[in-house]
Amino acid sequence: MRMGEEHDKARRRVFRALFIVVASATAALLYTLFALLGRAPMSWPIHLGMTTTLALINALFLLLFSRASQSFPLRVQLAVLLWGGAALWYWGFAPFYAFFTSTSDLLLVSLSAFEFVWEVPFFAAAFITLCLWKFRSIARFVEGRTPSPGDATALFIATLRFPLYVGLLAFLITFLGYFVAFLQSSLWGAQPWLEGSKTLVTGFAISFFLADFYVLTIDRLLGTVRGRLEERYAVPRRAQRRFSLRALWMFLGVTGASISLLVPLGLQGFQVFMRETLVEEARTTLSRVAPETQNIQSEAALNDLLKEVRLELRGQIEIVASEEALSSQNIAPTTRQVIEEERDGVLTDFFREEKVIAFFSVPALDRKVMVTMRVLDRYTAWPWLVWPLIVGGLSILGASIVNSIFITSDVGRATRILMSGVERARAGGKEIIPDVNTGDEFEDLAHAMRYFVAETRTARRQLEAEIVATERERGTLAGVVRSMGEAVLLIDRDERVRLVNPVAAELLGVRADEAVGVALHTLVTLRQNSQVLSGPERPIIRSLTGGEVVVVGMGDNVELETSAGRRIPIGLVTSPLREHDEITGAVAVFRDLTQEEQLEAARTNFISVASHQLRTPLTSMRWFSEMLLAGQAGKLVVKQRRFVQFVYQSTLRMANLVNLLLQSARVEAGRVQLNPQPMDLKDFTKEIAQTFGAMMKEKLQILEIVASPDPLPKIPMDREILWQVIANLLSNALRYSPAKAKILVTITQRGDAVEYAVKDSGIGIPKEYQDRIFERFFRAPNALRIVPDGSGLGLSLARAIVKGWGGDLWFRSEEGKGTTFSYTIPLRGMAAAKGEIRLSA
Amino acid sequence: MSITEPKEKKGQVRRIILVVEDDEALREAAREKLASRGLEVWTATSGEEALQLLEQRQPHLVWLDILMPGIDGLTTLQRIREKAELKHLPVVIVSVSGGQEKIRRALDLGALEYLTKSDYSIDDLATKMEALLHEYS
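As you go down the protein sequences, you meet chains A and B in turn.
Just so we're aligned, residue 24 is where the first sequence starts under my numbering, counting upward by one.
Just so we're aligned, residue 207 is where the second sequence starts under my numbering, counting upward by one.
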């Protein structure tokens, strides 16, 4: 936002400056037009002041533009550059040069000023238009329309040629301007031919310099375009340009143009010198002759005087009798006016040719004598000047060539050495950059490059080593993934498969290499409880979009359906794949649960079959012994009765054993149904204790229940399950404690759990058996002695149940002193579970 | 199938109970005990047999086991309920074990009770049957 405002500000400034440029140029044009028509004063100071002002205004405009150039398209930048070059050269340099080289009178100054002012906009407009037209293809690329790679090379060459084209055009157009000026001054301005030829030479030099300026600046402007082209396409750049050739061309051009600029200056100096010499001669002669003219009374005396004058002044002597005769002379009107009005004098005149005119009047004869001395006639010395000029110019030119060859070969050699060194370094050769002993920037460059190459080489070696290490690590990882027993599948952000290990490929029924890159949903469908899981419900998509880790187990009933329609029950873990806090994919690890499901079914089946098959004969044994004991088959004798009693008791024990066994199997299989309801543990313990009332009465045992706090908060628990645990521990405590013993139950809230402890003073658990106490059917020898008919299943069942609700069960015991069994119940209690069976069904 | 002919007692309507039980020993024990309580006991060894019998005549109460070869007790109960004339026949499920699901289905199908054999002595069971007979017929 701020950047945009800055841009707009800069652009507004540029537009204001442009308006000032246009306004000032228009004002200058109008003023010089008036001057040309004689309605406004014009002189060299006015002319130079005006063009200098224009040049300064344009310089300001260029400066403002260069600050904001990035806010304008390249075409506009080019146009402004072209305009700026023309304006600065034409309004800054050229008028001053003209001032020093031309010999003009007032009329010619007006003409020159007008010419300078109108030519610039006119020719510049044509020039800029032509250049922009030529610039079309490059501009299109810059504006973002991308060429084909073939066109790229053409475009690259075009960017190299374009500055030369602009230079040539600048030269031609500028020179055309000077040529028009030459024609204009020679025909209309009636300037001497010498002035015209000076204009042409000047035009050549100035055109060349302008062309050179454009070639250099535009080449730099387009350098960025070339860079972008090279970046985007591998454009072959080599041998397109040779520095030495360019340098030679620059030296020759600049030297030639400079000499061309110097020649008119030298000529002008010579001209001025000759003219002033003639004026001096004429004045000397005239000052001597003038007093004598008053005394001349006859034609003969005049002729004598003129003979003398002719000896001193070489020139055309005319005796003018009338004004008509004077008007036929090849002189400017202003000169004629002076001659008519003055008695004598010396004048310089530039009409058609440069001359010095000395005149005096002979009053007695009513004549005017006019001696016209053409400056050109005195150019007998010219050859003496020309030859040194030519020789001097040529030697400067020669020196330039030699100089340029020397410098460029030096630079070229150093560059070539550095280039070949860099090439070898790029090719991976062992040599380092050779020495360049020039003792200047090239030597520094060689040193810098040597360091750079060495550093690059080290960096490359490190990088290569790292790549090898990474590859090796990747190989190891790939091997691990390949040989994993679980199926592994990896998808990217677009849900396309990136990796499948052989196990996964086999499960999906695809070939690993064919699956890569394929959209996952085309390979596999997931079903839960036979319903197809749609997009966002799929675990891997939840990982991919929500970053969740999704675990699907056996109870979730998820099946995988291959594209061939095969359905396989699976367990699954999906997790997101992150790089720098961004999810870049997801990984799924899954496995075939067919076998597990079969085993589970077998186990479930075993439990129900076992419960039926074991209980049925037990029930009939129980019922028949009951009926026998009830005398339903006739009265039993005492011994018979005793025997049947044993059968009956054993049957009951057996039934109890089977029940316990089935219960622990159900608890372990997690198949028990839970209906939690708020329970008061103390009251519940009392209720259970009542069922042991007979035993306690018989053994005179006391049960004490302490709750802390009292009352305890009610905990949602399944009544039957909790009964099983409490009854189990209570009955153990009572059975293994001696008569008159006290059993202490403490129920204590600790944090977010309740600790339930049953402390007896019974036989205790011998140390060596303490770690086997929860084994199924295990009974310590001392327990076996006291209570021979225990099942050895109660504690293992109790512990399985306690673990099932997220608690823990442990004991502290000392043989002969007693045992404390403790377990915890979380205050949140049990969660309801939709198991298939009640504990004791 | 067998029908134990009851010993007639004067002035008393003989209550009839059908015991459907595949285990011979249990069937025999039940018959023995129930008959000794003065009930008329019909027995069937499978669900099919029971249904066949029920087409001919109706008892006052049915003792129905669940796990039997062929069609099981629940299916048998369902078939019984499908017949208009048997819709309200009192049926007691007497099984060795009871899953919650089974109990719910049995009660949904209109069983009077769901009893677990191994939890009861045969005397208690017979008493329970007598009570149910008294209540529902």
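Hints listed in this document are in silico derivations from the structure and should not be mistaken for laboratory results.
We put the beta carbon where it would ideally sit given N, CA and C, even for glycine.
A hint or two may mislead.
[Said to hold, decoys possible] Label-pair ranges, simulated between beta-carbon atoms:
hint	chain 1	residue 1	chain 2	residue 2	range
1	A	Gly578	B	Asp330	31 to 41 Å
2	A	Val539	B	Glu254	57 to 67 Å
3	B	Gln306	A	Ala633	40 to 50 Å
4	B	Lys334	A	Gln663	41 to 51 Å
5	B	Gln306	A	Ile725	31 to 41 Å
6	A	Gly829	B	Asp330	32 to 42 Å
7	B	Lys334	A	Met577	18 to 28 Å
8	A	Leu807	B	Tyr342	43 to 53 Å
Comparing the hints with the structure gives:
Checking the proposed 31 to 41 Å range against Gly578 of chain A and Asp330 of chain B shows it holds: the Cβ atoms sit about 39 Å from each other. The hinted window of 57 to 67 Å between Val539 of chain A and Glu254 of chain B holds, with their beta carbons roughly 59 Å apart. Checking the proposed 40 to 50 Å range against Gln306 of chain B and Ala633 of chain A shows it is violated: the Cβ atoms sit about 18 Å from each other. A C-beta distance of roughly 29 Å is found between Lys334 of chain B and Gln663 of chain A, which places it outside the suggested range of 41 to 51 Å.
The hinted window of 31 to 41 Å between Gln306 of chain B and Ile725 of chain A holds, with their beta carbons roughly 39 Å apart. For Gly829 of chain A and Asp330 of chain B, the hinted distance range of 32 to 42 Å is satisfied, since their beta carbons lie about 38 Å from each other. Look at Lys334 of chain B against Met577 of chain A: about 41 Å separates their beta carbons, and that is not inside 18 to 28 Å. Our hint of 43 to 53 Å for Leu807 of chain A and Tyr342 of chain B holds, since their Cβ atoms are close to 50 Å apart.
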